[in-house]
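Taking the hints into account, I'd like the entire structure generated from these sequences.
What follows is each chain in one-letter form.
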Amino acid sequence: MNSVNWTRDAAAHLLRRAGFGGTPSEIDALYTRGLEGAVSSLLDYDSIDLTSYEAILAAKNYNLLNVRGIQQWFLDRMAFSPRPFQEKMTYFWNLHWTSGIAKVKGETLILNQNRTERQYAVGKFDDLVVKISQDPAMLYWLDNWLSRNTRPNENYARELMELFTLGVDNYTQTDVTEVARALTGWTIQGYTQADGYNGAFFVDNAAFHDNGSKTILGQTGNWNQLDAIRIILTDTDARGSVSGRFIGGKLWKFFAYDDPPDFIVDQLAAVYVSSGRVIREIVRAIFLAPEFYEAHTRKTWVRSPVEYAVAQIRMLEGTTDFSSAVNSLSGMGQVLFNPEDARGWDWGTSWMNTGTLFARASLANTFATNRGSSGTRFDTNNLLAGRDASTAEKVVDILADRLNISDVASDVRAAWIAYMNANDDGSRGAWTNTAGNVDKKVRGLVHLMLTSPAFHLA
Amino acid sequence: MPISRRDFLLRSAGFVSVSAMVPRWAVAGTRMFEESVGAGAIGRTLVVLELMGGNDGLNTVVPYTDPVYAQVRSRIGLPLDTLLQLDGKLALNPAMSSLKALWDKNRVALVENVGYPNSSLSHFSSRDIWHTADPTLAQRQGWLGRWADAAIGNNSNPLACAAISQSLPRTLLADSVSVPSFVSLATYSYATDGAYAGDRNNQLNTFLLQGADQYEIENTFSEVTGLGNAAISSSNILQTVGSGYVSGGQYPAGSLGAGLLLIAQIINANVGARILYVTYGGFDNHANEDNDHDTLVKTVADGIKALFDDLDAHGKSHDVLLMTWSEFGRRVQDNASRGTDHGTAAPHFVVGDAVKPGIYGGPPNLSSLDANGNLKIENDFRSYYGTLLSDWLKADSAAILGAGWPNLGFINKRYI
Chain A
1 MNSVNWTRDA AAHLLRRAGF GGTPSEIDAL YTRGLEGAVS SLLDYDSIDL TSYEAILAAK
61 NYNLLNVRGI QQWFLDRMAF SPRPFQEKMT YFWNLHWTSG IAKVKGETLI LNQNRTERQY
121 AVGKFDDLVV KISQDPAMLY WLDNWLSRNT RPNENYAREL MELFTLGVDN YTQTDVTEVA
181 RALTGWTIQG YTQADGYNGA FFVDNAAFHD NGSKTILGQT GNWNQLDAIR IILTDTDARG
241 SVSGRFIGGK LWKFFAYDDP PDFIVDQLAA VYVSSGRVIR EIVRAIFLAP EFYEAHTRKT
301 WVRSPVEYAV AQIRMLEGTT DFSSAVNSLS GMGQVLFNPE DARGWDWGTS WMNTGTLFAR
361 ASLANTFATN RGSSGTRFDT NNLLAGRDAS TAEKVVDILA DRLNISDVAS DVRAAWIAYM
421 NANDDGSRGA WTNTAGNVDK KVRGLVHLML TSPAFHLA
Chain B
1 MPISRRDFLL RSAGFVSVSA MVPRWAVAGT RMFEESVGAG AIGRTLVVLE LMGGNDGLNT
61 VVPYTDPVYA QVRSRIGLPL DTLLQLDGKL ALNPAMSSLK ALWDKNRVAL VENVGYPNSS
121 LSHFSSRDIW HTADPTLAQR QGWLGRWADA AIGNNSNPLA CAAISQSLPR TLLADSVSVP
181 SFVSLATYSY ATDGAYAGDR NNQLNTFLLQ GADQYEIENT FSEVTGLGNA AISSSNILQT
241 VGSGYVSGGQ YPAGSLGAGL LLIAQIINAN VGARILYVTY GGFDNHANED NDHDTLVKTV
301 ADGIKALFDD LDAHGKSHDV LLMTWSEFGR RVQDNASRGT DHGTAAPHFV VGDAVKPGIY
361 GGPPNLSSLD ANGNLKIEND FRSYYGTLLS DWLKADSAAI LGAGWPNLGF INKRYI
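Chains as they are written, first to last, in this note's numbering: chain A, 1 to 458; chain B, 1 to 416.
These are computed hints drawn from the structure, not numbers from a lab.
It cannot be assumed that every hint is accurate.
[Stated by the list, open to error] Computed, partial: chain B to chain A, Cβ under 10 Å:
#1 PHE124
#2 ALA197
#3 GLY228
#4 ALA230
#5 TYR245
#6 VAL246
#7 ASN291
#8 THR295
#9 GLY339
Beta carbons are placed, not taken as given, at the ideal position from N, Cα and C, and that holds for glycine.
Below you can see the structure in the form of structure tokens.
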């Protein structure tokens with residue numbers, strides 16, 4: 001296998017995928033660490049002190065008793081935490097199995113689920129599966145709290161295998177029924193309107209559990225909940241670990257590209273087994289793979305609405321309380337913590353349609369044209385500080401570099417240059433670096449770039 | 001001769017090939033669009049209503065004379081004396097009196113036990129199968145996307161197909177036709193800097209240029225590039241659709257009522273819409289179905305009634321047909337959490353003046369179930385789709401669905 005051609009562009013690519021993108025100086029700093037150092041600096045984040053960031057975050061007083069505040073809080077973490085990879089992994093789990101506030105109702109339950117996903121984000125997958133299976137929001141969301149030995153509810157058992165661990169063709173309807181029986185007894189108490197449904201807690205109620213013999217994925221015994229999870233996660237077929245291929249393939253899809261070739265999935269499944277199913281080691285294998293840095297891997301990920309909102313703040317060094325981002329989540333098609341169903345959102349090009357494109361443009365326009373001293377904004381002078389901005393070409397190149405979209409077609413670059421030089425009647429003028437032109441055309445150009453196909457891709 | 005602003009931009013950008021891709025109506029808006037289409041091409045509209053989550057057919061249309069119903073639905077069965085009888089064997093959920101009113105006016109065809117062989121009990125696989133009309137999931141495009149590729153093609157009206165939906169339903173995924181999606185028209189336009197209104201045309205033109213198909217970033221998807229043109233051209237038309245509209249229907253509160261109202265507005269604007277798609281979720285009633293399901297089917301029935309009342313008031317219902325679908329029905333036997341797990345066959349409705357009213361198939365046989373305790377399929381969903389394709393959309397249904405799916409005959413001969 002080839003080795004990685006570690007360049008500044010490769011570092012920028014890594015930062016877009018492992019985090020949410022970065023500023024030119026952050027990319028420089030990552031590049032100078034070399035490949036393994038750069039990957040480690042992102043993945044081995046336990047030594048990065050969060051004290052000062054947590055204090056800043058707490059001082060922002062996001063209202064964690066309503067979902068809007070929780071959305072702001074999570075977006076803030078993604079944009080500003082000194083551990084971007086931890087937030088990116090938490091976001092992966094949010095996409096993987098987030099429960100929806102519309103059904104769960106208890107905001108604290110949703111917040112606690114997010115905290116669980118963060119706490120166990122890169123550890124042993126088994127621990128996370130157990131914690132999520134015991135999570136009050138999930139127990140409510142997929143009905144396992146109501147499942148009884150008399151006639152079990154299949155909802156969570158099915159999605160545990162289909163969506164969370166194995167994939168749709170790797171179990172039978174009988175396995176669904178039998179896992180549902182094994183999972184009976186894991187329930188919640190204290191789910192009441194009196195405290196806004198926020199006081200629910202996990203209970204293992206033996207009286208609800210089906211103690212009979214069950215056959216799960218070919219193994220027969222008087223299985224309980226932990227047995228069922230262990231059997232699912234250790235299930236193998238002729239090719240190897242089934243859940244290893246499922247999780248390895250999904251992590252590759254999230255960090256690299258969709259529909260990976262078998263040899264990559266098998267390599268990641270092998271790391272899954274050899275590491276004892278440790279998520280961090282699977283992701284490390286992804287970021288150290290030469291394939292991850294190939295040209296055909298870059299600019300293949302369609303930024304989700306959340307990533308779109310966060311990346312523009314990060315890359316332009318914006319200031320925000322994320323209220324404008326939260327306002328636009330619905331129009332962009334991704335109301336955080338409120339997916340429509342258990343699968344959550346589809347990824348990739350399904351994020352993009354005419355309606356969501358306009359919603360993205362509205363968010364970008366709000367950001368690009370805010371000249372006030374509050375709300376979501378950036379400093380135009382900061383973007384050009386210390387740079388030669390004397391021609392339209394130079395301004396276009398400075399901003400395209402900052403947004404990591406210098407690789408557009410020459411035609412697109414020419415259209416941006418023509419825009420910078422155009423008078424209001426469309427006739428050709430000439431860009432000059434005046435305060436008035438910066439206020440008008442630099443803001444206009446940022447808006448255009450943020451709404452170009454190039455910036456929808458990471 | 002002085003060159004125009006747009007020509008200047010196109011030439012200076014070296015974008016000769018792109019100029020053909022900026023649709024004329026992207027620049028001139030509705031007036032030019034109407035001139036370019038002509039009234040004769042407008043034709044019929046199919047409204048597709050997707051019930052997401054798997055609607056419980058047995059608590060929608062109840063086989064009320066079958067004693068097994070009360071046994072298998074001992075927890076959530078509907079009281080038999082409240083049901084709205086359709087014939088001697090089947091009756092509607094009492095919450096669906098609005099649909100019963102349409103039934104009484106001979107405007108409803110009920111197609112029973114619709115599904116496909118070896119049903120997937122996964123929401124997501126089954127949904128994809130229904131979207132593509134392909135149980136092998138070998139086709140990327142949706143069944144109406146394939147219709148649009150054949151019937152509409154490249155020279156497309158930007159509103160020939162539209163989804164009142166937060167995302168584009170795969171049913172409408174096509175190769176050559178861009179389908180706009182929106183849930184509200186209030187924000188359906190490209191926002192630019194209010195402080196420099198004079199710069200807006202420059203921004204719009206650059207937005208179209210930078211979004212063109214000839215994008216050269218490696219791996220850039222056509223779904224991301226072609227979008228700007230489709231967005232601007234559909235927006236220009238839709239800006240006029242809602243203004244001054246007087247509704248003739250009592251739409252239910254919530255997203256379905258709002259979506260159906262938007263559909264009525266688009267139909268009444270005569271913009272050549274052929275397929276209008278709307279989704280409504282919440283049908284995955286694994287638990288507490290007795291609390292939730294009646295409200296859902298009431299909203300569906302009230303919404304459909306409001307749409308047709310509105311179309312009647314505007315003299316438009318003659319050209320509109322509505323169909324429902326859902327990824328599956330639900331388990332015959334209810335579960336201990338007062339809900340139902342995933343099932344198979346279910347009833348669906350076709351509503352409009354063009355139906356040959358009646359019940360096609362059924363009643364469901366509650367005593368002859370498959371190995372998982374689910375209903376057996378009677379009408380293949382490709383027969384359901386095919387009847388709509390051939391008799392309503394006047395399309396070659398075999399080319400879209402494959403040959404051999406019997407026509408179910410629920411379209412009135414006068415319309416065929």
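The hints, checked one at a time:
no.: 1; hint: PHE124; result: holds, 6 Å
no.: 2; hint: ALA197; result: holds, 9 Å
no.: 3; hint: GLY228; result: holds, 7 Å
no.: 4; hint: ALA230; result: holds, 5 Å
no.: 5; hint: TYR245; result: violated, 20 Å
no.: 6; hint: VAL246; result: violated, 25 Å
no.: 7; hint: ASN291; result: violated, 12 Å
no.: 8; hint: THR295; result: violated, 14 Å
no.: 9; hint: GLY339; result: holds, 7 Å
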